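> Since chain R is already given, all that's left is putting chain X on it; use the hints.
For the protein sequence lines, the chains are R and X, in the order given. Position in the first sequence (from 1) plus 233 gives the number in this note's numbering. Position in the second sequence (from 1) plus 193 gives the number in this note's numbering.
Since the hints were made in silico from the structure, they are not lab data. Hints may contain errors.
Unchecked claim - Sample of chain R residues lacking proximity to chain X, with all beta carbon distances greater than 10 Å (derived): (1) R578; (2) L581; (3) A597; (4) G631; (5) R696; (6) S703; (7) V718; (8) S809; (9) G853; (10) H855.
Said to hold, decoys possible - Among chain R residues calculated to face chain X with C-beta under 8 Å, some are: (11) E661; (12) A684; (13) D757; (14) R774; (15) M776; (16) E803; (17) L814; (18) P818; (19) G819; (20) T824; (21) L825; (22) A834.
Since the structure is predicted, the reported quantities are computational estimates derived from the model, not experimental observations. The C-beta atom is built at its ideal place from N, Cα and C for all residues, glycine as well.
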Amino acid sequence: MPQNRESRPVPRHRSAAITLTVCGALTASIFGLAISEPSAAPTSTPIMPIKDIRPGMKGYAVTVFSGTKSDRFEIEVIDVVRDYLPRQDTVLFRSNDPRLMHTGIVGGMSGSPIYIEGKLAGALAYGYSYNKDPIGGISPIENMLAVDALPFRPKVLPHGKNTGTSRGTTRAGTRGWADAMLGLNVSPLPPRRRPGDLNPSAGLQRLDTPMAVSGFGPTATRMLSEQLGMVATRGGGGSGGGGGTRDMSGPKKQWKPGDSLSVLLTRGDNATAVNGTVTWVGGKQGERLLAFGHPMFDEGPSEVPIADARVHVIIPSVRRSNKIASPLTLQGTMVQDRQAAIGVRTDLTPTMIPVITHMKPAEADIPPRTYRSEVAKAVDLTPRLVSALLVDAAEEAGTDAVDLTATIKQKIALTTSKGPRELVVSEETFFPMGATPRSIGQARGVFVMAALLDNQFEVAEIRSVEQWISMEYGDPVEEIARVRVAQGDVHAGDLVRLAIDFRTLKGVERREFLELRIPDDAADEDVLIEITGGDYVRPYRPMPNNLDDLIDTLEQSYPSRSMVATIYREQEGLSSRDGLLTDLPGSVLHTLQPRGDTRAAVPFKQMARRVIPTKTLIEGSHKLKVSVLPKRAHP
Amino acid sequence: MYRPNSPVCIRLLASCVCALFAATPVQPAAAGGTQTFHVESYDDFDSGEVEGAAIEGSGRVTVGLQPTRAELEPSTVYTCAPGAKGEVLIGTADKAGLYRVKPGKPGKQPTVQKLADLPGVVVSTLTRLPNGDIVAATLPGGTIHRISPKGKVSEFAKLDVKQIWQLQVHKGRLLVATGPKGELYSLDLNGKNAKMLLDVPEKNLLSVLAVGGEIVAGTSPQAKLYQVIPDNTDGVLLHDFSGDEVRSLAVTGNGLLAVVNKFSSRGLSSLDALTKTLNRTSLIGQNAEGKAGHKSEDIKASGRLYHVSMGTRLDPSRAGEATWDIWLGKSKQYFTSVVAGDMAGTAYVSSSYDGKVYRVRGRRDRATVSNFDERQTTSLCALPDKSLIATTGDGAAVYHLSNKTKPKASIYRSEVFDAEQPATYGQLMVRGQGKFSVRARVGPGDEPDKRWSEWKPVHLKKRQDGQWGSLGVGKRRFLQLEVSLQSPEAEVREFKVYYAPENLPPMVKTVTVETPDFERSDNDEPDPEVTIKWSSDARDDDDLIYSVKIRPEGSSDQQWIDLGKADKLLTKTKLSLELDSVPDGTYEVEVTASDEPSNGSGRAQTDKLVSAPFTIDRARPTVAKLSQNGTAIKGQANDTGSYIHDVAYSVDGGPFRAASAVDGVFDSPSEEFVLELPKGLTPGKHRVVVRARDAFGNLASTPLVVDLKRS
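In isolation and in its complexed conformation, chain R is listed as follows (with noise of 0.2 Å):
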């Protein structure tokens, strides 16, 4: 078999043979403009228009099967379906090569280039599940080139395509968040793409993307395979071992075509990378790159180091054999991630954002331990990608299955705008029968790092995340069992004595008295006094009106350990850009309320509230509607 083949000069020929410029130039689109003809261009490829290919044509692939050296297999056009994709054809192809015939198409064979006639063609980036022939999909070069075409955009940050509410279940970023924070049983997370969502049928679908994970826990690798649609193959992530954040350096490679490139989502103690094949390489340099023939995310810009990687092994499957790879050295970055390829600049350095995770187990005799890692940086990859590291700490501290209480501080360190900035969030959480990992990756720094990253003001640069998981055996935890008033008519101006009930998850109760002050000119209404836990309200706060603003909100909640007194008004204010307007007189509330849309200032019933530390947490809410009567004459 012949090895190397694809380092020979690729024959020309002119007669039939289009050049394209690499740098420039073309001007196709991404997103459904027509290709135009390339012209020629001083670095060039010969390529295979897609419209001058035709059943029966043969032609061969290249790929890395196993180490680092690629090789390739003879294929056969099938046929051309147009507009396969929204403006973008696909070629079927067949190998009758016998590892082909073995394995069928091969997860990681995604942008292995296809030359048909000693020209380039396209990548090998479709395929059928469980189909019997080794029959493919070829995305055509055309579009690929369109997308290297683009400009790297370092100051964008890239956002997930399906997010919002078309699924009904969650919604993006800081309002997926408010969310969950507000109780509405939703994922604070959208949902990711994945390969079958975009062909729901049983047809030609994208090749799935093999992610190598190491480091990380069943339990966080199956939550990073979900959430993020791909296949978690274990192997090598590009871990250090336990040693921090490897240095990853090497020698910079010469890429060619068929070459296996890794995207690293995270590396470091707990390493994940996406694994792919190299289509096309361009540039003066050899600095441009494109890969995969379809998109890993589709989210368009971005910033997310690549390394090359070696194959171990593939994996022959009924389903979709998968191959087995690792990364080897930092080479570049991934600048965009488009759907016909992704596009990777080798002469730019990416930067990641450092997560230092401590973990304290509630067995003493198990020592505590960091983990040191770095993460890509998105709007929505890279809170994910943090909980992983999260949720794979808690599932070392132990997920015994007794009463565990985990206390999780995040302090997250940003820059916006106005210059750095430090976040600290912590929590505390109760389980009763084994902390749950996975809960424990949803996390309030989490949702705080989900906010930030998708704030509408600035783009929110993460500079590092440090968070400490400590889990705790016991049940510190008491449940508001009755709340009443210790006295009979309520004026106002009363200071009122509540009788609140705690009963502990065992069944102890006790009895603990809390004054309350009845505002002065509440009388001849009705107040609602709610009684509540610390984590279960939040204080009133403006509308944000910079990521400045963003943060003091995020920042602002309740000790876990405390209790919320709360006397609710049936006046309203108004909550605006430039803070809370409290005690309006009617018509000034009204005028300033708009009727449209979008708002200027939105009302709130006003409160008067005490904050009532705790020595344990406290669960449950409990509200009293009682009607105020008119001041006392003599209190």
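The following block gives chain X in isolation, referenced to the frame of chain R:
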């Protein structure tokens, strides 16, 4: 919105159908009953809108103040104050900003120039100092800003209060009405030497007015009016209004005017929703999707303009003892300001509803002088030339209302009338005087849009009872009229539109026939009649008449016999059929409903429904084959029209007692029965009467003498 069944505007003119249609060429075919839209009272007219016209309280549209408009960027203009040289200063909400408004020449829009941005949400009050500087306060906070005529902003004073509601210059000092401690301060014109003049129990002093050398101030909540007195910050309570706030005060003639608003609490039920919205907006900076707001018509509020005479010496203390009259009262809205139009007792009041401005002259003379496109009118300022500047919210705009321009743009536009069906529009009658013209347009929806027709002039001709003209518009469901007043004395007092909605055929929904009703214990036959009942739906409020026919089941159409009376129209939905003249058999009835009373016989639509077949059986059953065997008597009852319902017997004239069917159930025209004579009958002869009854209640009895042997 008028409805055709509204007693005010719609009168069914069934009796004049012929006369009207003789005078008015109408479209033929399915025109329904003639109805009218009638607009004659203030409330009728006030459902429409004016532009440069006034709706007088006496129910007239007259030439009013001519508006010219300029738009601003923020969402709401909150307040205004007179500036220099006939200019007006305005302060905005959403983004607190200060603007200078210069009224345009007659017919020209005002020019608006931004002077300064101020910190805070809203400019709550502003006024001009004698030196030309402007002082303004913003919410929230107790800072008063000084703004130079060139727009330079500096701090004028800072008070330990959360809100400043009104600033007014008085006797070389600045009065500052504040909240939430209900304090009135006086500062010198450099913002120094603050002195507290009034400290009331209520939270806010929302309005303050210098009158006749004295100072009065209104509160919120509790709507109280205080007078400031020397060396006592308690002041004097002049009046305690029924309401929640004294929003604005003004003087006209020798009277003091107070705008008092009353709000219904929204209660605590909205707590959870509001808290969620607040939490959400505090995180994402904007409200959640969807509308959670309150439309203007949803506002549970009422506004009143009170007036009290202060006497010729303008003594405000009279306000504590004289009678306060209600000059204007409106529900579903609150008033935002009052200004004096002149010193002869004219006042203008701005309202939160529909961008309205009212003109009031005493208890009865009131008029709507504007309703702007924006939702609410937020403030008014009177200019030296007696024109007005009005500001709006929910779409920030400034209007200059002037009476100097020619009344070419005095327009009254009616509400959109709903004929409830596509309708043929006939004549328009307008009563008025002076020169005016009318246009009409029609459309398929209750909001005029591109689907609506163009305005079409109505050519009016004078008749004795008004001016009449044919609308000549298309056959659509919705209609709007526009009256344009073209001379200063022009006015319109009444108009009436005749229309005929498309006639919908009625529908007979059910027809039921009730056969005679009887009890098993009845000893008499029921009345020989069946009752026919039906239900129907006119579908367009037409009056209906009915006809009922009967025929033997399955016979031809020629055999229908009309059951109605020739001299009387059947309008009830019930008819009794005497059976004396109806032979036994199975019959069906047909009920026909017609909307002739509302539409005339030529245009009436009908609907018919035939009942399920029913039986008429007046033939009595027979009793035969009676035989005695000891105390048991057997026999057979037979009926031809229906089935045997029951058999009973009586012994020696006693009560009838039930016999039994031999097969256990009375269900067929021929039933064998058996009866057992009561035990305890003495031996010897007894007279037994056997009675059979059929399903129609017909009775037949046969006597039998039985001889009981001694056992």
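> Less than 8 Å between beta-carbons is the criterion; does R/D757 satisfy it with respect to chain X?
Violated: closest Cβ of chain X sits about 10 Å from R/D757, beyond 8 Å.
> Can we confirm that no CB of chain X comes within 10 Å of the CB of R/S809?
It is violated; R/S809 is separated from chain X by about 4 Å at its closest Cβ, not greater than 10 Å.
> With a cut-off of 8 Å on the beta carbons, see whether R/G819 makes it to chain X.
Where the cut-off is 8 Å and the nearest Cβ of chain X is about 4 Å from R/G819, the hint holds.
> Does the claim that R/R578 lies outside the interface with chain X hold up, using a Cβ gap greater than 10 Å?
With a cut-off of 10 Å, R/R578 remains clear of chain X, as the shortest Cβ separation is near 34 Å.
> So R/G631 supposedly isn't at the interface. Is its beta-carbon more than 10 Å from every beta-carbon in chain X?
R/G631 is indeed farther than 10 Å from all Cβ atoms of chain X, at 33 Å.
> When you look at the beta carbon of R/L581, is every beta carbon of chain X farther off than 10 Å?
32 Å, holds
> When the nearest CB of chain X is found for R/M776, is that gap smaller than 8 Å?
Holds. Min distance 5 Å.
> So, as I understand it, the hint says R/A834 touches chain X; can you test that by seeing if any CB pair is closer than 8 Å?
7 Å, holds
> Just double-check R/V718 for me: nearest Cβ-Cβ distance to chain X has to come out over 10 Å.
Fine: 16 Å to the nearest Cβ keeps R/V718 off the interface.
> Beyond 10 Å from chain X, beta-carbon-wise, is R/S703?
28 Å, holds
> How about R/L814: closest beta carbon in chain X under 8 Å, or not?
With a minimum Cβ separation of about 5 Å from chain X (threshold 8 Å), the hint on R/L814 holds.
> Would you check whether R/P818 satisfies its interface hint, that is, whether its CB is within less than 8 Å of any CB in chain X?
Hint holds; R/P818 Cβ to chain X Cβ min 4 Å, cut 8 Å.
The structure shown violates the earlier hints numbered 8, 11, 13.
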